[in-house]
Amino acid sequence: MSLELTLGACGACALSGVFGFLSARRSPLGQTAAAAVMVIASAAGMVGALAAVIDGTTTTAAVRGVLPDWPFQVRLDPLSGFFLAPIFLLGIVGPVYGLGYWRQADHVRTGRRLGLCYGLLVAGLALVALSADGATFLFAWEIMALSAFFLVATEDHEREARYAGWVYLIAAHVGTLLLFALFAILRAATGSFELRRLAPEEAGLGLQTVIFLLAFAGFGLKAGMMPLHFWLPGAHASAPSHVSAILSAIVLKIGIYGLIRTSMLLPDLSIACGLLVLVSGVASAVFGVAFALGQHDLKRLLAYHSIENIGIILMGLGLAIVGAATRRSEWLVLGLSGCLLHVWNHCLFKALLFLAAGSVVHATHTREIDELGGLAKRMPLTAAMFAIGAAAICGLPPLNGFASEFLVYLGLFHAATDDSAAFSGVALAAPALALVGTLAVACFVKEFGAVFLGAPRAAHAAAAIEAPWSMIAPMALLAALCAAIGLCPLIVFPCLDGVLATWPGFSGPRLAELAPYPSMIALGAALVLAAGVGVLYVHRRSARARRAAVVTWDCGYLLPRATMQYTSSSFAAQLVGLYRWILRPRIQRAPPAGVFPGRSQFASHVPDVVLDGVLSPIWYRFKSRLAVLRVLQHGRVQRYIVYILVALCGLLLSLVPVMDLARKLVGK
Amino acid sequence: MNFLPDLFDLAMHVLLLLAMPPLLLGVINKTKAWFGGRVGPPLLQPYYDLAKLMRKDVVLSATTTWMFLAGPVVTLAAVVLAGLLVPLGRFDAPICFNGDLILFAYLFALGRFFTTAAALDTGSSFEGMGASREVTFACLAEPALFLAFLVLVKYSGALSLTRMLHAPMAHELSTLPFAPLILVGAGLFIVLLAENCRIPVDDPNTHLELTMIHEVMVLDHSGPLLGLVLYGAAIKLFVLSAVLLHVIAPFTTDLAVAAWPLFAFEMLALAAVIGVVESVMARLQMRHVPTLLVSASLLCGFGFLLMLR
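Chain order of the listed sequences is V and D.
All letters in the first sequence, in the order written, are residues 4 to 671 by this note's numbering.
All letters in the second sequence, in the order written, are residues 84 to 392 by this note's numbering.
Since the hints were derived computationally from the structure, they do not count as laboratory data.
Check the hints yourself; a few may be wrong.
[Said to hold, decoys possible] Pulled a few chain V residues facing chain D out of the computed Cβ check, cut under 8 Å:
no.: 1; residue: Tyr-412
no.: 2; residue: Val-541
no.: 3; residue: Arg-549
no.: 4; residue: Val-554
no.: 5; residue: Leu-561
no.: 6; residue: Leu-562
no.: 7; residue: Phe-574
The structure presented is a predicted model; accordingly, all values stated were derived computationally and were not measured.
Using N, Cα and C, we set each Cβ at its ideal position, and we do this for glycine too.
Please put together the full structure from these sequences, using the hints given.
Put into C-alpha cells, the structure is as follows:
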C-alpha cells in the first residue's frame with residue numbers, strides 16, 4: 004500500500020504541471036490546480052513513505068509501460084522512505100509558496116514552465132529514492148538533473164542565471180558520468196543492474212574501494228561537498244526562492260542518499276573510507292561557513308551554508324562508517340542517526356530560510372544584504388520565521404539543529420573515550436564542529452541583523468510590505484516542524500531506529516539508550532518558559548518607553564543616519580581577515596584624499612575559490628582550442644537530424660553479429 | 084543518568100548560583116582598587132547597582148524591535164540553565180546527563196546570538212562594532228573550550244560535566260596527569276577572561292566606545308534591561324569560574340560541613356586572582372587578541388596530544 008501511494012504521488016507530481024498549459028496564459032487557474040494536485044499527492048506520498056519507515060517494511064514492484072520493454076524496478080524500504088518524506092514535504096510547501104511568490108499573472112513567460120519542471124523535479128527525486136536497479140536510478144537521476152537545470156535557469160533573460168545554469172548542467176553531467184561508471188562496475192560485479200548488497204566473493208577489497216570512491220565523487224558532486232561545490236552557490240542564488248529551497252533542502256540530500264545507499268551495498272567498507280568521508284565533512288563544514296561569512300548576497304550566503312551543513316551530515320556518516328568498520332556500534336548508531344536527523348533538519352530550516360529570503364526579495368527586489376535593514380518592523384512575520392530558521396541552523400537549543408548536531412557531537416566524544424589512541428584522534432572533529440557552530444552564529448547574526456534589524460539602508464527596504472498568506476503559511480509549517488523536533492526529538496526516534504535497523508549486520512543499542520533526551524526536553528521547555536515569562540516582564544516594564552521612544556544613542560551625535568550603521572561586510576570584516584588565506588577577498592577602494600575629499604568608495608567581494616580561482620581560468624585557457632568543435636555545433640536543425648540518423652544507424656549496425664557472419668562466410 | 088543530590092545541596096547550588104555572582108565582581112574591583120592604592124567601591128556595590136537598575140525606568144530607541152527586549156532575557160535564562168549543569172565543588176550538578184557539556188557550550192552560544200542580535204537591533208555603528216568583535220573572539224575561544232573538554236573526557240572516560248569535572252578530585256593527587264591538566268587550566272583561564280570580557284581581552288572600565296567589546300554592545304540598554312545584562316554577565320563569570328576551579332584546584336574535604344565554605348572560598352580566591360591579573364596587565368591591542376586566543380586552543384590541543392600517548 005505504501006509503495007502504491009508513493010508511486011501514485013510520484014506520477015501525479017510529474018503530471019501536475021500540465022494544468023498550467025491547459026489554462027490561459029495569464030489565468031491563475033492552472034497554477035492553482037497544479038498546486039492543489041501537488042499538495043494532495045505529496046501529502047499522500049508522505050503518509051506512505053513515513054509508514055514504510057516506521058513499520059520497517061520493504062516492498063518491491065516493477066513498473067511497466069513508462070519505457071517500452073524496460074520495467075522500472077522500484078523498492079520502498081525505510082531508507083528510501085526516510086528521504087521520500089522531505090521530498091514530498093517540499094512538494095507541499097513549494098507550490099503553495101509559488102502561488103504568492105511567482106504568480107502566473109506576473110510571470111507569464113516563465114510561470115508555466117516553472118510549474119511543470121517543479122513537479123517533474125519532485126517526481127524525479129522521488130523516483131531516484133524509489134529505484135531498485137541501476138538503470139531506473141540513472142533514468143530518474145537524469146529527469147532530476149534536467150528539470151533542476153530548467154528551474155535554475157528560469158530567469159534566463161538574466162546573464163547570471165544563464166551562467167549559473169550552465170555551470171550546474173556541466174557539474175551535474177560530470178557527476179552522472181561518474182555514476183555511469185559506478186553502475187557499470189556494479190553490474191560487472193553482480194551480473195545484473197539490481198542494486199543489492201554485494202557478496203564478499205563478488206568484489207575484492209580493491210574493487211569495493213573503487214566503487215566507493217566513484218560513489219563518493221559522483222554523489223559528493225551532487226551533494227556539493229568541498230571542493231566539488233563550485234556549481235552550488237550560483238545555482239541556488241539565481242533560482243527563484245522556492246526552487247532554491249528544494250535544490251538546497253532536497254537535491255543535495257539525494258547525493259547523501261546515494262552515498263548511504265552505496266555504503267550499505269558494500270560488505271566490507273574500510274576504515275579509510277570512513278575517515279575520508281569524515282575529513283571531507285570537516286573541510287566542507289569549516290570552509291563552507293567561512294565562505295558564507297564573506298558573502299553579501301542574501302541567497303548566496305544561504306547557499307554556502309548548505310555546504311557547511313552537508314559537511315556536518317558527512318561528519319556523522321564518516322563516523323558511522325568508521326564505527327561499522329571497527330565494530331563500535333555506539334559510533335555507528337550516533338553517527339548515522341546524527342547524519343540522518345540532520346538531513347531532515349537541514350531540509351526544514353534551510354527551506355524555511357530560503358522561503359523567508361524569498362519573501363524579502365519579493366518585497367524589496369534586491370538580494371544585496373547591505374541595501375536592506377529594518378525589515379523586522381515592516382515584515383514582522385517573515386522576520387520571526389527567519390529568526391527561527393537562523394537559530395535552528397546555528398544549532399542553538401532548543402531548536403532542531405541542536406538535536407542532530409548533539410548526536411554527532413556525542414558520537415565524536417564517544418570516540419574520545421576509546422582505548423586506542425589512533426581512534427581517539429577522530430574526536431578532534433568535535434572542536435572543528437564547535438568552530439563551525441560559532442562561525443555559523445556569527446554569520447547568521449550578520450545576516451539577520453543586517454536584513455531585519457536596525458534602520459532601512461535604502462528606499463526599497465523602507466517601502467517593503469509583509470508577504471501574502473500563501474507565502475507565510477508554508478514558512479509557518481516549516482518553523483513549527485523545526486520547533487517540534489527541537490523541543491521533543493523523541494518524536495523522530497522511531498523513524499531513525501527504523502532506518503538504523505536496515506544497516507547490514509546492525510545489532511547495536513537503540514538510539515534512546517544512548518541519547519539522553521528526556522532531560523534535554525525538560526531543559527528546553529524550561530528555557531522557553533523562562534524566556535517567555537522574562538520577555539513578558541520586560542515588555543510590561545518598557546510599555547511607557549515604547550510610547551516615548553527616542554533616537555539610538557550614538558555617543559552624543561544627534562542625527563544618526565541609516566547609512567552610518569555597521570554593514571554586514573563590516574560586521575564580518577574581522578573574521579574574513581582571519582580567513583583571508585583561503586577566502587582571498589577582492590577589495591576595491593578609492594579612499595578620501597585631499598583637504599576637500601571628493602567621492603570615495605569601498606567594495607569587497609569574496610569570489611568562489613574553486614570556480615573563480617581554478618576552474619574558470621583553466622576553462623578560458625582551453626576555450627579557444629575547443630573552438631574547432633564549433634564546426635559540429637552550428638545551429639542548423641537539419642544537420643542535427645542527420646547526426647541522429649547516423650547515430651541510429653550506427654547503433655543498429657552494432658546489433659549485426661559481424662563476427663558470426665564473417666565466420667560463416669569463411670566457413671563456407 | 085538523572086540523579087538528584089540532597090535537597091540541601093540542591094538549594095545551596097541554586098542559591099549560590101543566583102546570589103553569589105555579583106560578589107565576585109565586588110572582589111575583583113576591590114582587588115584592583117587595593118593594587119591601585121584606592122579604597123574602592125564597597126564589596127557589595129554590584130548588588131546596589133543591580134537593585135537601583137531594576138527600579139529604574141526604561142529608555143527605548145525607536146529603531147528597536149522585540150529582539151532588543153529578548154536579548155538580555157534569553158541570555159540570562161541561558162546562563163542560569165548552564166549554571167545548573169555545572170557541579171559546584173565536590174557536589175553534583177542538579178542536572179546531569181551524557182553530553183550535557185555540549186548543551187552547556189551551546190547555551191552560551193544561544194546567549195551570544197541574542198546579545199549580538201539585540202546590539203544590531205539598535206542600528207548604532209558602535210554596537211555593531213562590539214557585536215562584530217564579540218562573535219569574532221568567540222569563534223577563537225570556542226575550539227579551546229571543546230579541546231579542553233576533550234582532554235577531560237579522555238581523562239575521565241565520562242561524558243557528563245559532573246562526572247568529568249569530578250575525576251581530578253576523585254584521584255590521588257600524585258596520580259593526576261599534571262602536564263595536561265596544567266595546560267588545560269591555562270587554556271581555560273584564557274577562555275574565562277575572553278568570554279567574560281576581562282583584561283587583557285577587553286576592559287570593563289574603559290571609557291572609549293571605540294575600544295569596547297561587551298560594554299559597547301549594551302550601550303542602549305537601560306534600567307531593568309541593563310540590570311539583566313549585568314546580572315547575566317556576572318552569572319557567566321561565576322559558571323565558567325566554577326568549571327575552571329575543578330581543573331586548577333581539585334581539592335576536596337571529607338568534612339561535610341566544610342565543603343560549601345571551601346567552594347565559596349575558592350571562588351573568591353579565583354576572583355582575587357582575576358583582579359590581580361587585571362591590575363598587573365594592560366589590555367592587549369585588539370589585533371593581538373586572536374593570537375592570545377589561538378594560543379589557548381594550542382595549549383588545550385597539546386594537552387589532548389599528551390593524553391593520547
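Item to complete: Verify the interface restraint on V:Tyr-412: the C-beta must sit less than 8 Å from at least one C-beta of chain D.
Response: holds, 5 Å
Item to complete: Would you settle whether the hint for V:Val-554 is holds or violated, based on the nearest Cβ-Cβ distance to chain D being less than 8 Å?
Response: holds, 6 Å
Worksheet entry | Status of the hint placing V:Leu-562 at chain D (closest C-beta pair under 8 Å) | violated, 13 Å
Worksheet item: With 8 Å as the cut and Cβ atoms as the points, is V:Val-541 at the interface with chain D?
Response: holds, 5 Å
Item to complete: Would you settle whether the hint for V:Phe-574 is holds or violated, based on the nearest Cβ-Cβ distance to chain D being less than 8 Å?
Response: holds, 5 Å
Practice prompt. Hold the hint about V:Leu-561 up to the distance rule: shortest CB distance to chain D must be less than 8 Å.
Written response: This interface hint is violated because 13 Å lies over the 8 Å limit.
Worksheet item: Does the interface hint hold: is V:Arg-549 within less than 8 Å of chain D, judged Cβ to Cβ?
Response: Holds, because the Cβ-Cβ distance from V:Arg-549 to chain D comes to roughly 6 Å (cut-off 8 Å).
The structure fails to meet hints 5, 6 from the earlier list, while all remaining hints are met.
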